[in-house]
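Next come the chains, spelled out residue by residue.
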Amino acid sequence: MQRHRSSLALVAALAAVVGLGLLLAGCGGGGSDDNTLRWFIFNEPGGGPQQAARQCSQQSNGRYQIEFDFLPADADGQREQLVRRLGAEDSTIDIIGMDVIWTGEFANAGWIEEWTGQQADAVSQGVFDSVLETARYEGRLYAAPIWTNTQLLWYRSDRVDQPPETWDEMIEEGVRLEENGEGGRIQVQADRYEGLVVWANALIASAGTEILSGPEQIDLAEGPTEDALAIMGRIARSPAAAPDISTSDEDSGRLAFQDGGSAFMVNYPFVHPSAKEEAPNVFKNMDAAPYPRVEAGRQSAPPLGGINLAVSSFSDNKELAFEAIECLIQPENQIAIAEAGGLPPVLEELYDRPVIEEIYPGFVEILREAIETAVPRPSQSPAYQDLSLAIQRSLHPPADIDPEDPAPTYDRLRDYVQQAVDVEGLL
Amino acid sequence: MEASAEPVARTRAASDRTRSERRLGWMLCAPAVIAMLLVTAYPITYAFVLSMQDIDLRFPGEGGFVGLDNYVTVLTSSLWWEDLFNTAFITAVTVSIEFVLGFAIALVMYRAIFARGVVRVSVLIPYGIITVVAAFSWFYAFDPESGFVNNLPLVDAEKAWFGDRWSAFTVIILAEVWKTTPFIALLLLAGLTTIDEGLYEAAKVDGANAVQRFFRITLPLMKPAIVVALLFRTLDAFRVFDTVFIMTGGGQQTESLSILGYNQLISRLNLGLGSAVSVLIFLLVLTIAFMFVRFLGASVPGREREAR
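Those protein sequence lines, which keep their order, are chains A and B. Just so you know, the first sequence maps onto residues 22 to 448 in our numbering. Just so you know, the second sequence maps onto residues 582 to 889 in our numbering.
In short, the hints are calculated from the structure, not lab data. Take the hints with a grain of salt, since some may be wrong.
Ranges between beta-carbon positions, derived for each pair [unchecked claim]:
no., chain 1, residue 1, chain 2, residue 2, range
1, B, Phe629, A, Glu353, 25 to 35 Å
2, A, Glu298, B, Tyr721, 48 to 58 Å
3, B, Leu800, A, Phe91, 27 to 37 Å
4, B, Leu864, A, Asp240, 23 to 33 Å
5, B, Tyr721, A, Phe91, 40 to 50 Å
6, B, Glu663, A, Glu299, 52 to 62 Å
7, A, Glu101, B, Phe695, 35 to 45 Å
If you only want the chain A side, here are some residues facing chain B, beta carbon under 8 Å, derived [what the hints assert, rightly or not]:
no., residue
8, Gly98
9, Gly131
10, Glu200
11, Asn201
12, Gly204
13, Arg213
14, Pro260
15, Ser267
16, Asp270
17, Val303
18, Ala404
Quick caveat: nothing in here was measured; it's all calculated off a predicted structure. C-beta: ideal position from N, C-alpha, C; glycine also.
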């Protein structure tokens, strides 16, 4: 009898412990209370988004209070955390700071809300067409752009009289400078990561074709694509290539350019204030030019980055979240974000304001034109991540591309992209 | 009668006690068994179930049961075999180097005459560092732009260590060896301390030299410790992820199986394919463990009692 009672007690105690554990686990996933809106976004170092959130919370007169949940600094890390929560229908997320490439994936999975009617008009009016395209999926609007980004050609005005117009001119100049011992290296982003996709997409679009023509239609016209691939191989194999080209990213390129051994770099505008602060001698002769062309007669298609804001489909406060986003993307907030962190606004009219000239001294026009002509990565694909992995696998390292015969790489790229579009096989 | 009844009663009393002891034993380990079932058996079974399905978090509501299709896809992909080679290569090279180095360090630690404590602690420091942190340290040390390695004499200042397959493997293996040799050294040191000093004395008296003493006494008596150290480290090395992920992200054909699984599961959210990769890695690890136990006679807890 005694023993029976003690074993019963043990079972009861065990059940209690397990039950408590489940209960606690259940509590962790609870929704946000009443009027708090949780904004999941990476911690932008300039602090502009925080300013905007404070401003909007105040203006709402207590109807909502925006709070931050910070995500990792790199886009892959941000996505990893978000998709896990969204896949589990987590109601803690109200507002999502989305990289421009996630729209198709998130919208197709039913994770983000469509923007309709007046609200859709309000957040898309005056926004660059190229930027707005990144917020659409199957012709519908799923996010409100808050800031954008694009790459320019940064060059040493003391080493070349005129910035090169095409990639081939740039390689020629770079090689000449290297041979004279004047430092003619070219900095690109070609590590096996999203940056390589950014570069490849810009080259392919500049050559006059595109990776996808619809969510599941591959374009990749052979001639232009091979021209683009040949350029990647030519740079990687030329004496003007950075020695670490196959592991290069935005930051390694910036640092190398600041060291003075490089004459050219394609990169985002953040490199400008950074050089001013860290390498004044290089900065004196650092100038911006339009993104290089693939062929002389065709305008280039620079890369497009940035953040769009979306409302989570699992939020308990969707109406308030839409309202808050409308406030967050107001022109004053876009300017505040540009001032604080150098992130370009998405409203075209703002580029006429003097304050923008102060933020991007001497290259506002180049920047505006770059955003206008930029071509987004194929974010309309619901399997964009597969596409990105496929492109990385087929084009890395770029030195493996034979510039004289890019056809094998082209076949490889096409096969991999097909596999990604079909969401099949290992990637 | 009287005489025979006594032992029977005693046996019954003894078996009663054994039974109740056994019951107590079960009850005492029940919480652990239940916890293990909850945290390991359930996820492992669930991974098996997922690996038989065409399931992708990004396409909710699509797919269904596909049997072994995912396994066919994985095993017919050249990526799987390339990554299997990479993983086996990293495992074989790191474990071999670590074993030799670890043995030497264990002997030094054992024979250290002065500052014993300091020697042991300082040898263990690398093992105490988080793998990701260690990987970043090595990555930055070998970074051509900011690292110090390229400024050393005899090293090409422009060498891009992570730009080429074999030089990238070299750094990955160096970092792994640096990080986990202390682990092997520690296990071997434990083995060394179990050897009776008297055996060495006797061998010396019989005229055995140091080399003979090492091969005839130290090695055979340390076999259990050696096998356990090699087993643990092999299983560990086979799942290598952090170092490769930080240094090359799998580029330059240095991708390990864990990174392949990570790409399918975490990045693509293709739970079916990803689970198939995970289950295959699990089976490989299981095979390695089995072979160690079977052919090298790693002692499993409880085995020696059965043998007796």
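Sort out which numbered hints this structure fails and list those numbers smallest first. 1, 2, 3, 4, 5, 6, 7, 8, 10, 11, 12, 14, 16 and 17
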